[in-house]
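My request is simple: use the sequences and hints to build the entire structure.
Chains as they are written, first to last, in our numbering: chain A, 1 to 628; chain B, 629 to 835.
Note that these hints are calculated values from the structure, not bench results. Keep in mind it's a predicted model, so treat the numbers as computed, not measured. Where a beta carbon is used, it is the ideal one built from N, C-alpha and C, also for glycine. Just so you know, not all the hints are guaranteed correct.
To be verified - Under the rule of at most 27 Å between Cα atoms (straight-line distance), these lysine-lysine pairs were calculated in the BS3-like manner:
| no. | chain 1 | residue 1 | chain 2 | residue 2 |
| --- | --- | --- | --- | --- |
| 1 | A | K486 | A | K497 |
| 2 | A | K334 | B | K690 |
| 3 | A | K497 | A | K428 |
| 4 | A | K624 | B | K762 |
| 5 | A | K428 | A | K486 |
| 6 | A | K428 | A | K334 |
| 7 | B | K690 | A | K618 |
| 8 | A | K334 | B | K691 |
| 9 | B | K762 | A | K336 |
| 10 | A | K625 | B | K690 |
| 11 | A | K538 | A | K486 |
Unchecked claim - Restraint ranges, calculated between C-beta atoms of paired labels, are given here:
| no. | chain 1 | residue 1 | chain 2 | residue 2 | range |
| --- | --- | --- | --- | --- | --- |
| 12 | B | A752 | A | Q318 | 47 to 57 Å |
| 13 | A | A562 | B | L810 | 16 to 26 Å |
| 14 | B | V792 | A | A562 | 16 to 26 Å |
| 15 | B | L741 | A | N348 | 17 to 27 Å |
| 16 | B | G695 | A | Q377 | 27 to 37 Å |
| 17 | A | G495 | B | N732 | 19 to 29 Å |
| 18 | B | I671 | A | L605 | 48 to 58 Å |
| 19 | A | K497 | B | I671 | 15 to 25 Å |
| 20 | B | L741 | A | G397 | 35 to 45 Å |
| 21 | B | T821 | A | N348 | 44 to 54 Å |
| 22 | B | G693 | A | G412 | 30 to 40 Å |
| 23 | A | S463 | B | A793 | 38 to 48 Å |
| 24 | A | S340 | B | T758 | 23 to 33 Å |
| 25 | A | D494 | B | G680 | 17 to 27 Å |
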Amino acid sequence: MTDIICPLCGKPNPPELEECRYCQAPLNVSGFLAPSDQEGQENPFILSPDEPDQADSQVIKSESTSALEQSIPDWLKNTEANFLEETEAKPERQAPDDISEQIDSLLSQPSTPDNVTQPAIDDDWLASLLAEAGGESSPLSSQGALLGDIEEPVNENIPQPFIEEPFKAKGVLPPTPVEKPDWLTGLEASSKIKLEGEITPSEGIDQGAGITESIESIETGSMEIPDWIGKIEPEEISSNLEEPASQIAPAELPGWLEALRPEDNVPATEPVEDLSAADIVTAGPLAGLRGVIGARPSAIRARKPPTYSIKLRVTDEQRARVEMMEALLADEQKPKPLPSQPALTSRNIFRLVIAAALILPIAWMIITGSQRVPTPQPGDVPGVIDFTQQVQALPTGLPVLLAFDYEAGFSGEMNLAVSTLITQLAIKNAFMTLVTTIPSGPAMAESLINSSVGLDGNQGSYSYYTNLGYIPGGTMGLVGLALSPKSVLPYSLDGIKVWASAPLDAISTINDFSAVIVLTNDPDTARSWIEQVGPTLKIDGTPLLIITSSQAEPLIRPYYEANPSQVQGMVTSLAGGLAYGLSVGNSQQNGEWDAFSISITASVLIILIGSISRAALKIPITGKKKES
Amino acid sequence: MKKILPTSNAIIAVISGLLVLLGYFFPGVFGNIQSVLIGWAIILAAFALLLGIYNLALVHWKKAGAGGTNGINSIVLLVSLGITIIAASLSGPTGSLSVWIFNNFQVPVEISLLAVLAVVLVYAAARLLTRRPKWSTILFLVTVLIVLLGSVPLFFLGEVAPLVALRGWVTQVPAVAGGRGLLLGVALGTVATGIRILMGVDRPYGG
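Here it is, written out as structure tokens:
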């Protein structure tokens, strides 16, 4: 297995890792393979001793199939072929382990001791090959051999090339030289030549020394050099290289450019910081570097936050004010009892006086049955005569539709006229069909029918009627009732299907009734009947009669007085009821008309007296205010 | 679904309104459809009455549970509702029990409320000039007095013919004019609302 050497920390890492396990530096960029213990098994250039044939076949196969091989020149292919032939011919002379050691020594910068002269290329074939390639292989190879004799101080700060320098001599005896094959020696020499021929940065920096060394080595060697090189003195070369800029003549700047030139000598760059005493990064991708700015500054290092007291610092005066404020807020939430008022105030006494002035006369008139006030005549109340005539004109025994649409509170005003009507209908033996648009209407209708006097003079004896009850939807259902009463109210409140038996079996629409009489105290309800049902009734000339209260009379009266009239007769309020009673021969009033009259008179007097007295009291007060 | 429902509701409302409206102009063609649609509306209105009763009972049930003076009143209402429902269920809506409850509770209560209203109105009219008198206040008082004096023959004076005639003029000309004006305004507003609903611009049913 081949490990990857971290370029930063120099530690081996498994090849599957992309980052160094020690310093997290990326390995695939600058990392390189390092020999391991089992290197010989993995290296394709090293043959396994156990499988030589297979290794050979792999090498041959790879040579025949590799794309790189096509780019190899013929001379290198011949070289490899000769090497393989020699290897096959002399397997016993050089074991694979030896070869691997030698290659390892090349790859891992073997430490060759100083003062060791490299052996010259002794292979004729490689020398000729190199001569063909470079033309100067023999001199350079001999030069390389001669360079090993030269002691030269090495600048440690300058990075050296990957090839070990062969001319380090420190007086240490070299170990026993490893016997290298001829081809390897030649390759080594050529690689040295090539590397020395390249211009590395270090060479660029220490160019003068290198050239000097080369010249010295050339002079001391037996190689042939051109004449022009030999004429150059080393001191001259070194002086030219050391002071190249001093011999350049300064440029002549124009005056205006000289004026722009800054007078102060500002250094071009900042002084280089001395990082020798800085710490070395021990972890992370920058491990091994010196003087690196820390990624986690000390300013944001986690530390325990300071603790602050939550106790409010207030003075005693502030605390007292807070307590006062809390007390005020607490008092605001408590309900405060209203100031007690005396039961008998002037206002309450005035109310009681008004109530007594209204109630006592009414009660007196009802109790005594007074009939002092003249009863209104039918001709004095509009609509009563027409109403009476329409009722009198009803045929006997035919159904009449009665709509009880007034509230129980208006029964005192309405009941007199309604009772008289029921009696008249009973006399006519009309089949009263009772409907209503208010929820309390059915009970109201039943109560009035039961309290009316029948033909035999007894109350509640009339039973020729049916109570269909509440019209679903109220006034909304009037159109449906006008068009199809059977579908809107199919059953009576007793659960009887009245439309299947006489006399309602002849009814299909509302105009089949002999008359429609609406009893209402609400002008809107009366208007709904007139506008929703009236057009249907007009088809056959069925009369629409209305008994209403005083409050609805002004709005319904125009329908009656219109030409043609939409309401054929109307009875209004208590006065109309009395007039209608007189028209049918019922003059009994039981003191109600006198009670109504005296209550109206009392009300007028109370309003007059109260208004005058208030106004009389108001004038002096206003005058005093104006004077003040 | 949120986009479909408003559109479908508007379509249903517009078509229903147009059919009912056409039923007034062409009763022979659209009369039956108009009757069916109005019948559906009647059923919904009747069900709304039941819902109103249920809501009333529920609200007062909660108030009765809360206690206090209002709780006692709510308890009285719930007991009365229960008794009336039981009586109407046993004897029917026009049975003897139902009519007895109506005659002995509902009629006196409603008449008493109107009687109290009469007393309060007279008291308020008498104190009307306590405040700073204005021309409108004085006009209101004079109108009230004219209508009252012209309604019935006075107890000691009898019928005053000029007051009766004046009362008739006030009730039939200014009062009806004002009332008719209000009704015309309401009618125009109703027509405008109906047109907006028919055009789908106004959607009181939601959407």
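Verification of the supplied hints:
no., hint, result
1, A/K486 - A/K497, "holds, 9 Å"
2, A/K334 - B/K690, "holds, 25 Å"
3, A/K497 - A/K428, "holds, 24 Å"
4, A/K624 - B/K762, "holds, 20 Å"
5, A/K428 - A/K486, "holds, 25 Å"
6, A/K428 - A/K334, "violated, 71 Å"
7, B/K690 - A/K618, "violated, 50 Å"
8, A/K334 - B/K691, "holds, 23 Å"
9, B/K762 - A/K336, "violated, 38 Å"
10, A/K625 - B/K690, "violated, 54 Å"
11, A/K538 - A/K486, "holds, 20 Å"
12, B/A752 - A/Q318: 47 to 57 Å, "holds, 55 Å"
13, A/A562 - B/L810: 16 to 26 Å, "holds, 19 Å"
14, B/V792 - A/A562: 16 to 26 Å, "holds, 23 Å"
15, B/L741 - A/N348: 17 to 27 Å, "holds, 20 Å"
16, B/G695 - A/Q377: 27 to 37 Å, "violated, 60 Å"
17, A/G495 - B/N732: 19 to 29 Å, "holds, 26 Å"
18, B/I671 - A/L605: 48 to 58 Å, "holds, 54 Å"
19, A/K497 - B/I671: 15 to 25 Å, "holds, 19 Å"
20, B/L741 - A/G397: 35 to 45 Å, "holds, 41 Å"
21, B/T821 - A/N348: 44 to 54 Å, "holds, 47 Å"
22, B/G693 - A/G412: 30 to 40 Å, "holds, 39 Å"
23, A/S463 - B/A793: 38 to 48 Å, "holds, 46 Å"
24, A/S340 - B/T758: 23 to 33 Å, "holds, 24 Å"
25, A/D494 - B/G680: 17 to 27 Å, "holds, 26 Å"
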